[in-house]
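Work out the full structure, taking the sequences as your base and the hints as a guide.
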Amino acid sequence: MSLFQRILCAAALTAAAGAPAFAADDGASLFQQNCAACHQPKGEGVPGAFPPLAGNKFVQGDPKGPAYVLTHGRGGMPNFSGDLDDQQMAAILSYVRSAWGNKAASLDAPLVASVRGADALPNDTGANLPFH
Amino acid sequence: MSELSETGGYGFSRRAFLERLSGVGGTALMLAGMSALGFGIESARAQPPALSGGGKGKKVIVLGTGVAGLTAAYELSNAGYQVTMLEARDRFGGRSWTAKRGTKLTEVGGETETCDFDEGYYINPGPWRIPYFHKGYLHYAKKFGVGVELFNNDNDLSPILYEKGSGPLAGKAVKKVEVAADMRGYASELLAKQVRGGALDGEFGPGDKELFLDYLRTEGMLTRSDFKYIGAEGREPTVYPGAGTDPGAGVWSKPYPMGDILKSGTWKVLRSISNLDQQRTMFQPIGGMHELPKGFVRNLKVPIKLQHEVKSITQDDKSITVHYLDTKTGQAGTETADYVMCCIPLSILRTMDLPVSAPFKEAIGGVSYALVGKIGIQMKERFWEDKYRMYGGHLYVDDPLISTISTPSTGWLGQKGVVLGFYPHGAAAARLSAMTLAERKAYALKAGSKIFPEYADMAEGSFSMFWHRAPYNLGGWAEWTEDGRKKYYPTLLEPQGRLILAGEHLSYLTGWQEGGIESAWQQIQKLHAKAQVA
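From first to last, the protein sequence lines are chains L and H. Residue numbers for the first sequence follow the numbering used here, beginning at 166 and rising by one. Residue numbers for the second sequence follow the numbering used here, beginning at 493 and rising by one.
Misleading hints may appear alongside valid ones.
[Unchecked claim] So the derived label-pair ranges between C-beta atoms look like this:
(1) PRO660(H) to PRO275(L): 37 to 43 angstroms
(2) GLY282(L) to GLY690(H): 43 to 49 angstroms
(3) SER764(H) to PRO275(L): 41 to 47 angstroms
(4) LEU905(H) to SER279(L): 56 to 62 angstroms
(5) LEU762(H) to GLY230(L): 40 to 46 angstroms
(6) LYS755(H) to LYS268(L): 48 to 54 angstroms
(7) ASP610(H) to SER271(L): 50 to 56 angstroms
(8) PRO216(L) to TYR883(H): 42 to 48 angstroms
(9) ARG593(H) to PRO206(L): 29 to 35 angstroms
(10) SER271(L) to LYS755(H): 38 to 44 angstroms
(11) SER279(L) to LYS755(H): 29 to 35 angstroms
Keep in mind that the hints were calculated from the coordinates and are not lab data. Keep in mind it's a predicted model, so treat the numbers as computed, not measured. Cβ atoms here follow ideal geometry from the backbone N, Cα and C, with glycine treated the same way.
This is the structure in structure tokens:
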């Protein structure tokens, strides 16, 4: 997402202030599309491989923590910067922080933008040969 | 090779280079250098290590039957060790695997898929091509009579369809040969203009300027007299030459304007040379990647206990014990030996209770595994050959989730074929793997249809799988970070008492079978050294 698109996105949010720009279930469907293959549909994870998100303290802690992981990647988790915009990430994180018994506050796109920073590079989508 | 790269190429003659090597490193280094320079002299490391003194009947349990485990078991048993292999799956071979009619897989938390290709067709869900310098792989393929055939990793007629660029070529399928001919032609022409105008005179030694211009004319296929790029015969003609006067001599195609190609981004598929492990011509085993494991097993005389899932390992100063669950009978059991050669991926090993130090345990968890997967789609006709004259190689697209589609390098001119419909990595793999089997196939068909309109209509059976969702793998291959290589990698190379690890994860050839084979060669030497002094 270019800076221009991000500004547009932020502008759209401002324009929609007062009414949620996205329905609450957007976070749920985005989670299923992007995250559920590893973290599993109910956030239970796979022991040793993919951490559970349900009941996860880090996920429910300072929202900048999980937002940073989503924008930068960590361990085996890819960086989703090239695939999801700030609003989509905010929707996913808000969903994850309140689903399956989790009880943390939602967060918004500007918070994601604040941790995304210049060093969160999108995955290289150049069409070199696949490795291996 | 570092000496070579530091000079930025052949800064001095090969002979001078070899003499310098033999001066500092003796003959062995010179031989290695000669091999690197293409003289074809093999270094000693192209062979399995000799385990002198033999195993004297000491008992070794090898965990995992991928190529690392099979290599270790084969060499150790040949040296006189008493080897037993344990394998969690109901088949041997690990990731060196071939999906064919009847192959079944249930992904973690996912659906069960049964491959429904016709008899004789297959896809390699894991490794699928062998670089020329993977000497260990080729050593065993030759030894066991596993036939190999060429894998076409680069085809001039590969279509490139980039939608994200701009200009008239955006969203239009062009051929790699067109982009290569035009860009190299234009680049050579521009450079020749500068050189001929004298702008770069300071860069050349005596006589070199003329030679350089000869090079540019040859490289860019420029006109003899005025160094212009006007197209080239080898750039796919619009009418191919033939008999009589029609088609007669054929008709050359016209180059695209340089700006159009630049804006399209299609030049991103071009490189002066291929990467070390992505040569233009590679190998594949005839019949699929499972053939090498089958070759090992034909030549192994050790018990292979399938469906033995390792739960934990314990050891004391006299022996080491593997605690397993026989998933066929539901019975727990143990196997005791002098040593364990553990070739289980770290992504699985980190879930087990192991007799290792705290730093070793931390190191096992210190590497992440690739999110990666594939789909094979059987096509009822080989339309890419019959209609588009494309024999092997890849299609390049810039779909958000798919960047290449690959045609098979086997079954040439036959009736049907299996194309590799996607091979995503990272975030794209996370998203494709979250789809149902039907959605994955539909997505793949939509991407391919943009280049070949008949793609979806030709599709028959398919088989898709993602390694991060595969039981007993939970990831494609180890992806070390620079920090991890420093902090954890050396720890894992050392034995922990009677436990020694091996696998692609303990190599700089991660994700390649060669990494598993060469790691096994190194680690059995460590096991042997311990056994010799015990």
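Now for the hints, and whether the structure bears them out:
1. PRO660(H) to PRO275(L): 37 to 43 angstroms: 39 angstroms, holds
2. GLY282(L) to GLY690(H): 43 to 49 angstroms: 48 angstroms Cβ-Cβ, so the 43 to 49 angstroms window holds.
3. SER764(H) to PRO275(L): 41 to 47 angstroms: 45 angstroms, holds
4. LEU905(H) to SER279(L): 56 to 62 angstroms: 59 angstroms, holds
5. LEU762(H) to GLY230(L): 40 to 46 angstroms: For LEU762(H) and GLY230(L) the Cβ distance comes to about 42 angstroms; the hint holds.
6. LYS755(H) to LYS268(L): 48 to 54 angstroms: 51 angstroms, holds
7. ASP610(H) to SER271(L): 50 to 56 angstroms: 52 angstroms, holds
8. PRO216(L) to TYR883(H): 42 to 48 angstroms: 46 angstroms Cβ-Cβ, so the 42 to 48 angstroms window holds.
9. ARG593(H) to PRO206(L): 29 to 35 angstroms: At roughly 31 angstroms between Cβ atoms, PRO206(L) and ARG593(H) fall inside 29 to 35 angstroms, so the hint holds.
10. SER271(L) to LYS755(H): 38 to 44 angstroms: 41 angstroms, holds
11. SER279(L) to LYS755(H): 29 to 35 angstroms: 34 angstroms, holds
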